[in-house]
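Chains as they are written, first to last, in our numbering: chain A, 1 to 485; chain B, 486 to 970; chain C, 971 to 1106; chain D, 1107 to 1242.
Hints are computed from structural coordinates only; laboratory data are not their basis. A quick note: this is a predicted structure, and the numbers were derived from the prediction, not measured. Mixed in with the good hints, there may be bad ones.
Residues from chain A shown here face chain D by an in silico Cβ test under 7 Å; the list is partial [claimed, not checked]:
#1 Ser99
#2 Ser122
#3 Asn125
#4 Tyr183
#5 Thr224
#6 Leu334
#7 Pro412
Capping the alpha-carbon separation at 20 Å, the derived lysine-lysine pairs in PhoX-like fashion look like this [claimed, not checked]:
#8 C:Lys1014 to B:Lys670
#9 B:Lys851 to A:Lys366
#10 B:Lys494 to B:Lys733
#11 A:Lys248 to A:Lys52
#12 D:Lys1150 to A:Lys185
#13 C:Lys1101 to C:Lys974
#14 A:Lys248 to A:Lys9
#15 A:Lys111 to A:Lys76
Think of the CB as a built atom: it goes at the ideal place given N, C-alpha and C, for glycine as much as any other residue.
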Amino acid sequence: MTEQVSHNKLEWKELNEEREAVLAGWPTGQEVDLEEAFQFHLKLAPELNFAKRLIQAKQQGHTLAQPRAGVAELNKHLELLLFLQNEGGADLLPTTIDSYTRQNRYEEAEKGLAESVLEGRSLLNGFPAVNHGVQNCRRLVESLSVPVQVRHGTPDARLLAEITLAAGFTAYEGGGLSYNIPYAKRVPLEKSIRDWQYVDRLVGYYQEQGVTINREPFGPLTGTLVSPCISHSVAVIEAVLAAKQGVKNITIGYGQCGNITQDVAALQTLPVLAEEYLQAETIDDVEITTVFHQWMGGFPADEAKAFGVISLGGITAALGQATKVIVKTTHEALGIPTKEANAQGIRATKQVLNMLQDQVYPENPKLAEERDIILQETRLILDKTLELGEGDWALGAVRAFAAGVIDVPFAPSSHNAGRTMPARDNEGAVRFLSWGSLPFTKDIQDFHRAKLAERGRAEQRSPNFQMVIDDIYAIGHGRLIGRPR
Amino acid sequence: MTEQVSHNKLEWKELNEEREAVLAGWPTGQEVDLEEAFQFHLKLAPELNFAKRLIQAKQQGHTLAQPRAGVAELNKHLELLLFLQNEGGADLLPTTIDSYTRQNRYEEAEKGLAESVLEGRSLLNGFPAVNHGVQNCRRLVESLSVPVQVRHGTPDARLLAEITLAAGFTAYEGGGLSYNIPYAKRVPLEKSIRDWQYVDRLVGYYQEQGVTINREPFGPLTGTLVSPCISHSVAVIEAVLAAKQGVKNITIGYGQCGNITQDVAALQTLPVLAEEYLQAETIDDVEITTVFHQWMGGFPADEAKAFGVISLGGITAALGQATKVIVKTTHEALGIPTKEANAQGIRATKQVLNMLQDQVYPENPKLAEERDIILQETRLILDKTLELGEGDWALGAVRAFAAGVIDVPFAPSSHNAGRTMPARDNEGAVRFLSWGSLPFTKDIQDFHRAKLAERGRAEQRSPNFQMVIDDIYAIGHGRLIGRPR
Amino acid sequence: MESKTLVLGVIGSDVHAVGNKILEIAFREAGFTVVNLGVLVSQKEFVEAAVETNADAIMVSSLYGHGEIDVRGLREALIEAGIGDILMYVGGYLVVGSQDWADVETKFKQLGFDRVYPPSTLPEDVIPTLKSDLGM
Amino acid sequence: MESKTLVLGVIGSDVHAVGNKILEIAFREAGFTVVNLGVLVSQKEFVEAAVETNADAIMVSSLYGHGEIDVRGLREALIEAGIGDILMYVGGYLVVGSQDWADVETKFKQLGFDRVYPPSTLPEDVIPTLKSDLGM
Ligand code: B12
Ligand code: B12
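Input sequences plus hints: build the corresponding full structure.
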């Protein structure tokens, strides 16, 4: 595929043909009626609008708690969401989409749904919203008393967006980079970026009608030792790409790494960078909020230990003043959680959020240094990306991934260079053992080298790939750093 | 009772008569044979000695986890401790004594024990060690692979100490102030101080034979909004009193208040103050370690929320580098925990301790300010105490409590003035709404006034007793600060 | 309306003082005359105080788990003192561990209490019932 | 001793890549020739790769919960391709949610797998068995 992408705003009128094809992708596409959808949204109580709820929380300085959850059947899914709202005290709700839908395999999703009904248990790992269609999905929005978001992992999420937004969902996760590199193998970035521009343009169109939909690039990427500079770079690019299509309410995210100082620094720098690069594009009417994901890598199988990991995540979110936190469950290492386990994760999280509501991580030199490193690294990556794109962020992103200027560790995509290798330093912060082609200055390279050498000395081994493997298993085995045993 | 106390070392020889009377307090007293006990201790594996284990942890910079636990019957109690060691991963073990024994009501304890055997469930809230006697208790020490401590709340703990130390326990909690004021109503301080000097002298005598027993003043006192300056003052005085009797290994404690900065400052200042006042008495051969108690006040009844509170306590202990942390359970607000719930509390705590093992709370100006306040306040109290005691800490303590110079909130003792009233400030730190007769300077009084006025403004109410009541219920109801709702 | 007198205390070897202080304040604010015996209160002290103050009700707390043992015979002692039909409430952590609440309630009603309250009780959960039981 | 060839991959629409990368490295270090198909691998790709490389065993991963659906017919496809008796292992989170492991194991054995592994499996838990199954 040739590099046809650009970051320019799509003309709504020119999308008509494409929209028709998209909506024809599955029979439920015919249910989409934009005019009717706008009316529905405009009549929706303000407290059910995700974007408004986030702005309110940001102003109040509160951190909101949101679970992940989705099962195949509509009634069971609604029951699940009501349970998380009423018994869990969730401030925001999700609808997690199954993996067939994420790969646009609606036939397989249909089969999985049918079998789930038959067996009386979900054989799908999420809610197949496309198969359920607009009217069914609307039952969710109408039955809940907190806002609800679509969460998935779909490289081509156009039909899913058409259907769920028309159904009244007010937030939509994903992006052309973050829902490709960790979630696909061979989808070209040109294609996923363009498909997500469609989604962003659709959201921008809702915005033009006075309906604000929240958009959220997927922060954690592969969830496994992703350095802040990598995920921040992706988050900023997707924020710019979304804003270019008229999106006005964006939540940028970051997945907990485990060193509290690094995590707080990451949360603090995230909006700084987004606003800086938006402003450089002379965009200044976008509301930016942040999301912190509780540890996204391997979890301990023991539920009590999992509660420890979950609480540490909640505490870090509060101290770093994230606008919302995505909550894990004590079943993380066991399988898709029961609704009870899911509600427990929310309640443990809310207890610590509430207790720390009026506390922030105190400003200190180590925190400032960590912020400085993240800012420097991310700017190096982003500036190089823009240079490669000759001023165009979409083109730049494609070329940056091809060149390894952005390079996500452990990603399945063949369009990711895969030459970086992260490892924890002696205090558990995520550093680079190999930085591949990340455009780091010599100073920064030396910084990483020194940090890992320090750990190496403490462990009496030279920094190597075994450290990485040990780090991958560490939290699951009850520690942060994979020390030799 | 006239003020007969002094802090001088008791002559071992002169204790003989008293020891005989004490040992005659219950038939099992006759089992005590000091020579035999020393032999047992001297042969004990070093990893079973509580004092040695603490020194090791302090040197390594690790925080150890210790539960509370005790049931009436010996076999059930052993089973419980083995479970906490093997399934909970406890680094240190307790033996929590029942409340009849704590009031020296051995007859009632005997009845409770008999009924417990009959009913097949513990009717006592702890292990009646005196009734079980030396040889039975020794089975515990011999069956465990980590050190074990006696934990109780006994104003007159002489017989309990004779029996449990002879049985091979290597740590003993309590003190003449901390096991009187929160645990008794009418016991004169002169009496409890003298009775605890007996215990300390006994420990000192073991020390002279080469057997180091760890002593731990009870840090949290009433567990409810106790300002660090109060508990630090009591801890330092008891450390000095113990050291004067020849105790060489002391763990001083503090109960979590909930504002992380205040809690870390409290942990950091605790050994500073202890060493300062010990040195002023020219004592410099005492090994000081610290213990942090997870929140000691009312807990949430919901287990998931309780896990949040427990984890926050574990995290604070790690960031404040306590030598050990006393672990709560998710059954705290339900009743004496099952062994499973107890083990879960330990595992959640150990997960966060391990994850934060290589992280400390970063040095910062707010932390320094908090330390400074605690140091100033505690020194004012301690210096006034010594002045009242005319250079004698025992006498000073008695007079300080009488004068309200030391004054523990919510204490049941009639020897406590009860004129201080704590409340949380706008960030949740515990301050004074009324400081009664605490010898605070005008600056410090103004500091507390300003802090509570700030909260008052945020809540649009003037600081008053309703705030205190709201704060008492707050954590149980899912928050730290008792905001009006 | 004349004020009713309550005798308040934590029974046995129990030293949990915080709830007792809060109850004292709350009952007083609700218009009762409160005779608070504090913690570590024996059966004898409860009976004597009730007789001496001509009390309308006795409010027993037990938090530490031995309540089951400590309250046995209290109703009988009141009968003996000639005030056998005095209203008597109990509240707190009444047994060791967490047992089925219905069983605990039955057990303490059999032990002579008119009403039995779990530990999560707030003063406002009790006061209306107390007033109605006392015909206020 | 000649090296044995393993075909490795994560089946279906599953993108969990981390365990797959670790297994590749571990099997290689243990002396196997590893053909790693990565994530998002169809049954067809497994069969073709096994035939083409004359593989000794197929190692299927499924983490995302749809494994149960995705592996149906794989053994039959191998039979059809003439390598019906090839050794085949499966591991990961094989079903949605956490079900009784014995049931899961039985289910996947019926689906044609020689050995079935739960998610907590470490490479060192598998390699000895694999070597012995392959007569190494
Ligand atoms: C603070 C505390 C302490 C402090 C007490 C300081 C002091 N002198 O007051 C200290 C640390 C000294 C302490 C000691 C002990 N404690 Co304690 N303590 C607590 C804790 C954490 C909070 C209690 C509290 O103050 N709550 C706040 C007040 C406002 O609530 P409350 O006391 O429950 O009272 C309210 C209601 O119960 C109700 N209520 C109470 N009485 C009555 C009466 C009537 C008539 C009515 C209508 C209502 C009513 O109304 C009150 C106001 O809302 C509780 C657990 C919890 N709740 O989280 C354990 C707890 C009560 N303690 C317990 C125990 C066992 C002990 C010890 C034996 C030590 C041990 N083995 O762990 C010793 C006992 C010492 C003794 N001889 O009594 C257990 C009791 C277990 C059981 N019954 O199965 C508990 C439940 C903890 C646990 N899960 O193990 N404790
Ligand atoms: C990281 C992660 C992700 C990352 C993956 C990034 C990437 N591209 O690799 C992201 C965030 C993208 C992700 C996405 C999703 N995930 Co995910 N994820 C995880 C997580 C946290 C860790 C996985 C991991 O890397 N572990 C570390 C490696 C080393 O271990 P491993 O993968 O288990 O592999 C080892 C063993 O299983 C074994 N093994 C594996 N295969 C085989 C094969 C053989 C033959 C043998 C012998 C052994 C073996 O050996 C390996 C090495 O030790 C797990 C939960 C957990 N474990 O804590 C969930 C988990 C696997 N994910 C899950 C789900 C459902 C999803 C999603 C559908 C989203 C959702 N609904 O929540 C999507 C699926 C996307 C897709 N189409 O596949 C579920 C699966 C639930 C179930 N089966 O019931 C889990 C269990 C979480 C949960 N409890 O809900 N996920």
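Hints, one by one, checked against the model:
Here the hint on Ser99 (chain A) is kept, as its CB sits about 5 Å from the closest CB of chain D, short of 7 Å. With its C-beta approaching chain D no nearer than about 6 Å, Ser122 (chain A) sits inside the 7 Å limit, and its interface hint holds. For the restraint placing Asn125 (chain A) at the interface with chain D, the shortest Cβ-Cβ distance is roughly 4 Å, inside the 7 Å limit, so the hint holds. The closest approach between the C-beta of Tyr183 (chain A) and any C-beta of chain D is roughly 5 Å, which is under the 7 Å cut-off, so the hint is satisfied.
The beta carbon of Thr224 (chain A) is positioned within 7 Å of a beta carbon in chain D (closest approach about 5 Å), and the interface hint is therefore held. Because the beta carbon of Leu334 (chain A) sits about 4 Å from the nearest beta carbon in chain D, less than 7 Å, this interface hint is met. Given the 7 Å rule on beta carbons, the hint for Pro412 (chain A) holds: about 4 Å separates it from the nearest Cβ of chain D. Between the alpha carbons of Lys1014 (chain C) and Lys670 (chain B) the distance comes to roughly 17 Å, so the proposed pair stays at or under 20 Å and holds.
The hinted pair formed by Lys851 (chain B) and Lys366 (chain A) meets the criterion: a straight-line CA distance of about 15 Å does not exceed 20 Å. Restraint check: the Cα-Cα separation between Lys494 (chain B) and Lys733 (chain B) comes to about 14 Å, which is no more than 20 Å; the hinted pair holds. The suggested pairing of Lys248 (chain A) with Lys52 (chain A) holds, with an alpha-carbon distance near 11 Å, which does not exceed 20 Å. In summary, the hint linking Lys1150 (chain D) to Lys185 (chain A) is supported, as the alpha carbons are separated by about 16 Å, within the 20 Å threshold.
Distance check on the hinted pair: Lys1101 (chain C) and Lys974 (chain C) sit about 9 Å apart at the alpha-carbon level, within 20 Å; holds. Pair hint Lys248 (chain A) plus Lys9 (chain A) holds up; C-alpha atoms about 14 Å apart against a cutoff of 20 Å. Between Lys111 (chain A) and Lys76 (chain A) the alpha-carbon distance is near 17 Å, which keeps this suggested pair within the 20 Å criterion.
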